[in-house]
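There are 2 protein chains.
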Amino acid sequence: MAKKSLLKPTLATILLILAFYAFFNTFLSPINPTTTKLDSNFPFESTGSSFTLLSTEKTSSNSHNSIKVYLYDLPRKFTYGVIENYLIARDSDSSKLKYPGNQHSAEWYLFSDLIREDRDDSSEIVRVLDPEDADLFYVPFFSSLSLVVNPIRPAGGVVDSNGGGGGVYSDEEMQESLIEWLEEQGYWKRNNGWDHVFICQDPNALYKVVDRVKNGILLLSDFGRLRGDQSSLVKDVILPYSHRINPFNGDIGVEGRKSLLFFMGNRYRKEGGKVRDLLFQVLENQDDVIIKHGAQSRESRRMATQGMHSSKFCLHPAGDTPSACRLFDAIVSLCVPVIISDHIELPFEDAIDYNKIAIFVDSNTAVNPGYLVKKLRKVSTKRILEYQKELKKVKHYFEYEDPNGTVKEIWRQVSLKLPHVKLMINREKRLVRRDLIEPDCSCLCTNNTGIISTI
Amino acid sequence: MAKKSLLKPTLATILLILAFYAFFNTFLSPINPTTTKLDSNFPFESTGSSFTLLSTEKTSSNSHNSIKVYLYDLPRKFTYGVIENYLIARDSDSSKLKYPGNQHSAEWYLFSDLIREDRDDSSEIVRVLDPEDADLFYVPFFSSLSLVVNPIRPAGGVVDSNGGGGGVYSDEEMQESLIEWLEEQGYWKRNNGWDHVFICQDPNALYKVVDRVKNGILLLSDFGRLRGDQSSLVKDVILPYSHRINPFNGDIGVEGRKSLLFFMGNRYRKEGGKVRDLLFQVLENQDDVIIKHGAQSRESRRMATQGMHSSKFCLHPAGDTPSACRLFDAIVSLCVPVIISDHIELPFEDAIDYNKIAIFVDSNTAVNPGYLVKKLRKVSTKRILEYQKELKKVKHYFEYEDPNGTVKEIWRQVSLKLPHVKLMINREKRLVRRDLIEPDCSCLCTNNTGIISTI
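Chains as they are written, first to last, in UniProt numbering: chain A, 1 to 455; chain B, 1 to 455.
One should not assume that every hint holds.
Remember, identical chains collapse to one label, so a pair may be satisfied in a single copy or spanning two.
Taking lysine-lysine and the DSSO-like style, the derived pairs with C-alpha atoms no more than 27 Å apart in a straight line are [unchecked claim]:
1) Lys96 x Lys389
2) Lys208 x Lys408
3) Lys258 x Lys429
4) Lys274 x Lys214
5) Lys208 x Lys292
6) Lys389 x Lys378
7) Lys77 x Lys392
8) Lys208 x Lys258
9) Lys392 x Lys96
10) Lys208 x Lys356
11) Lys189 x Lys395
12) Lys292 x Lys270
13) Lys422 x Lys393
14) Lys68 x Lys208
15) Lys392 x Lys274
16) Lys258 x Lys270
17) Lys429 x Lys356
The set of hints was computed from the structure by calculation and includes no laboratory data.
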């Protein structure tokens with residue numbers, strides 16, 4: 001009886017506390033949680049696709065320490081318009097506005113995360129609807145898709161002056177048009193662009209205007225086509241490519257992994273990717289190695305899935321630039337990556353110790369006949385299982401659709417840049433004119449006591 | 001009656017919740033809150049000084065997101081031993097171990113903050129007693145005091161090869177000895193020093209070994225004597241000097257501030273400080289300007305206090321290096337700083353917009369006869385009051401003894417470096433040997449669209 005009489009008021013108290021908490025959170029938060037209709041630039045609602053576009057939205061109000069991000073309400077041609085043009089150029093149904101699957105789809109995931117109604121309160125960022133409240137400004141131009149709107153693209157990834165294969169859509173004109181639009185924005189001019197975030201995941205995305213947006217935080221795959229004063233680990237964020245094959249959902253183990261090493265991809269690439277042909281030469285006659293020349297297709301993805309799920313190690317040589325989506329395919333396949341790309345930069349490296357999940361070999365050593373297979377055959381099963389265990393731990397960082405995955409981590413990385421953004425804004429306001437021989441840079445340098453291989 | 005019967009169990013519930021909270025916090029925290037006696041390297045207890053040294057301590061366990069810092073238990077000669085030698089060299093009472101007042105006393109404030117028993121839970125960092133738990137390692141060598149242990153110091157701040165004026169104490173030997181000690185520490189070698197924090201506030205402190213500690217986070221006054229690969233805004237933290245005059249505790253206003261511009265200090269300095277003599281020439285015959293040549297002394301500090309508290313503007317020309325303590329004297333005096341130091345870097349510039357509290361003029365323009373006074377006389381009282389209001393807002397950042405002041409902000413700045421520290425540690429582990437023409441640096445560069453003056 002005594003118990004029962006205590007229970008009711010106890011529950012009442014807890015409810016009261018929760019109610020107070022909710023009240024404070026809901027009504028006394030600095031961010032106005034009103035629901036706002038998006039303007040007519042975003043009139044489409046897509047159904048039947050894996051991505052649902054929402055026409056209403058609200059800001060999250062629970063993350064008091066979150067960085068506040070304003071999503072620019074760009075003219076429609078820079079977002080849905082790009083998808084539409086892409087689909088029209090392929091005679092596909094453009095009424096659905098489904099963002100086409102590709103390795104550079106981070107631009108879609110980040111955009112759709114910002115506009116969705118049920119944004120996760122645990123996110124590092126909160127979307128604000130008043131630019132005056134914003135710490136950072138996100139520019140959601142689909143710059144990577146824009147690059148490939150016109151289906152015919154010269155081999156090797158370099159685009160012609162029309163931004164594609166001569167269709168009516170011009171990526172270059174879009175880039176110029178974006179800058180023109182930005183130049184009209186007061187917030188763009190206010191801080192010389194330091195507080196703006198651009199996504200240019202394809203190494204050629206935004207290439208024509210990169211010098212004009214370089215103060216911003218760039219979300220990119222690597223620095224292969226950029227100079228040190230345009231982008232860096234300090235200023236920018238390295239994104240993983242979207243993996244293109246299905247993840248391996250089984251447990252760790254080597255039973256189902258009969259082949260030692262797997263690679264499937266283009267044998268011939270430019271620049272850093274020249275190592276590929278040399279690797280083919282030293283690897284293609286090894287019994288337990290599967291190494292195949294092949295371009296991207298649905299069928300080749302199926303074969304790559306099978307190969308990566310049944311091999312112990314997966315080769316990751318440099319492509320035209322140091323990064324490639326294959327690394328992330330290998331990670332979600334629990335196939336230990338063997339990275340042969342001397343200038344690679346890796347996503348989220350403050351949070352991930354890649355030494356625990358991958359093997360690094362420098363290019364010169366890797367192409368020595370016999371070296372690689374000999375080394376890999378010596379790696380014990382115990383050691384492989386350790387790699388796989390670690391791969392399983394960090395896999396979520398490479399899953400764009402995981403609520404605790406890539407998108408959340410990208411926003412965390414972006415939020416880490418804010419102190420530098422603020423520093424540069426304040427510093428530039430008061431810098432006096434100086435005669436400098438070199439650019440005014442603040443750097444983080446390694447002593448470069450490089451190692452040959454981590455095996 | 002109903003009210004009363006509800007009250008008791010309500011209180012009981014709240015207490016229960018609090019008890020649970022306390023239980024979780026106290027017993028399930030990852031940091032072990034045991035009280036540990038410091039070892040015999042720290043046997044001194046100072047009484048009667050403004051700094052009380054504590055012989056026992058405990059770690060804070062409430063700051064779950066705080067960065068964990070391990071304070072190295074350095075041999076006594078690097079901490080209290082330096083004070084002792086300093087006092088002995090001056091025939092002072094060395095039994096009290098009072099750290100001598102000087103502009104580079106941040107080394108003392110940070111050390112005594114780390115060892116005090118009642119560390120603030122709201123601090124950005126928490127001290128851990130097990131190095132295995134640490135994110136960062138603090139090396140508490142009093143490097144700035146060590147530089148001036150021997151009283152006779154050649155003019156201009158450059159020390160001779162014996163680290164001073166020929167006494168038995170040798171700062172250079174101390175620096176070498178510190179490195180020898182570090183080389184024996186496993187944690188120092190583990191990550192190439194990236195996770196170590198050094199304080200070298202005097203521009204000459206640690207000068208002999210800086211190349212060996214440069215991977216660490218350096219706490220310093222400016223980059224005047226360091227190369228870009230040794231220190232930078234990205235890697236390191238700029239500290240304010242301790243102000244040497246008393247703060248102005250009155251309200252904002254210009255009534256008590258009859259003189260326009262005040263400066264007292266050494267007329268002749270080397271390098272960037274050569275502007276001083278030129279400024280003397282153009283300013284010394286102006287009616288409402290007080291400009292005096294004078295060295296540091298108790299009497300000159302008294303005069304400077306009076307001057308800074310009764311002037312509207314305070315001149316801050318470069319010294320031997322771009323920074324000087326005078327700026328911080330001006331700030332706590334609510335005397336609007338006029339900064340003539342083209343290469344100055346400023347403390348906490350992500351948090352402080354110096355444009356709101358100071359006037360910047362480039363050296364070439366400032367030495368034009370008549371320019372400066374003409375410009376300053378034109379600044380309206382309203383504008384001066386705005387500057388003063390902002391100065392009042394940020395003053396606490398420059399008060400080392402304020403619990404919400406400099407020490408707290410320095411730790412916040414240090415904690416902001418952790419993502420880069422982790423990135424560099426992980427990245428260096430897997431970097432392969434590369435042939436590079438330039439050092440491997442990641443930079444933040446300004447477009448350097450400098451302005452002439454902010455007036």
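Hint check results:
Proximity of lysine 96 and lysine 389 under a CA criterion of 27 Å is satisfied in neither setting, with 40 Å inside one chain copy and 57 Å between copies. When the C-alpha separation of lysine 208 and lysine 408 is checked against a cutoff of 27 Å, the pair qualifies neither within a copy, at 29 Å, nor between copies, at 44 Å. Taking the closest pair of Cα atoms, lysine 258 and lysine 429 never come within 27 Å of each other, the shortest separation being 61 Å inside a single copy and 30 Å across copies. Taking CA atoms no more than 27 Å apart as the test, lysine 274 paired with lysine 214 passes in neither setting, with 29 Å inside one copy and 36 Å between copies.
Proximity of lysine 208 to lysine 292 under the C-alpha cut-off of 27 Å is found in neither arrangement, the shortest distances being 35 Å within a copy and 56 Å between copies. Taking the closest pair of Cα atoms, lysine 389 and lysine 378 come within 27 Å of each other only inside a single copy of the chain (19 Å); across copies the shortest separation is 69 Å, beyond that limit. For the identical chains of this complex, lysine 77 and lysine 392 are neighbours neither inside a copy (40 Å) nor across copies (48 Å), given an alpha-carbon limit of 27 Å. With identical chains, the CA atoms of lysine 208 and lysine 258 are never at most 27 Å apart, being 47 Å at best within one copy and 57 Å at best between copies.
In this homomeric assembly, lysine 392 and lysine 96 never come within 27 Å of each other (Cα to Cα): the closest approach is 35 Å inside a single copy and 58 Å across copies. Taking CA atoms no more than 27 Å apart as the test, lysine 208 paired with lysine 356 passes in neither setting, with 38 Å inside one copy and 37 Å between copies. Taking the shortest Cα distances, lysine 189 and lysine 395 never come within 27 Å of each other, neither inside one copy (40 Å) nor across copies (30 Å). In this assembly of identical chains, lysine 292 and lysine 270 lie within 27 Å of each other by CA distance solely inside one copy; the values are 18 Å within and 67 Å between copies.
Taking the shortest alpha-carbon separations for lysine 422 and lysine 393, only the inter-copy value of 18 Å comes in at or below 27 Å, while the best intra-copy value is 34 Å. Taking the shortest Cα distances, lysine 68 and lysine 208 never come within 27 Å of each other, neither inside one copy (29 Å) nor across copies (44 Å). In the homo-oligomer, the alpha carbons of lysine 392 and lysine 274 never lie at most 27 Å apart, since the shortest distance is 31 Å inside one protomer and 61 Å across protomers. For the identical chains of this complex, lysine 258 and lysine 270 are neighbours neither inside a copy (32 Å) nor across copies (71 Å), given an alpha-carbon limit of 27 Å.
Taking the closest pair of Cα atoms, lysine 429 and lysine 356 come within 27 Å of each other only across two copies (10 Å); inside a single copy the shortest separation is 43 Å, beyond that limit.
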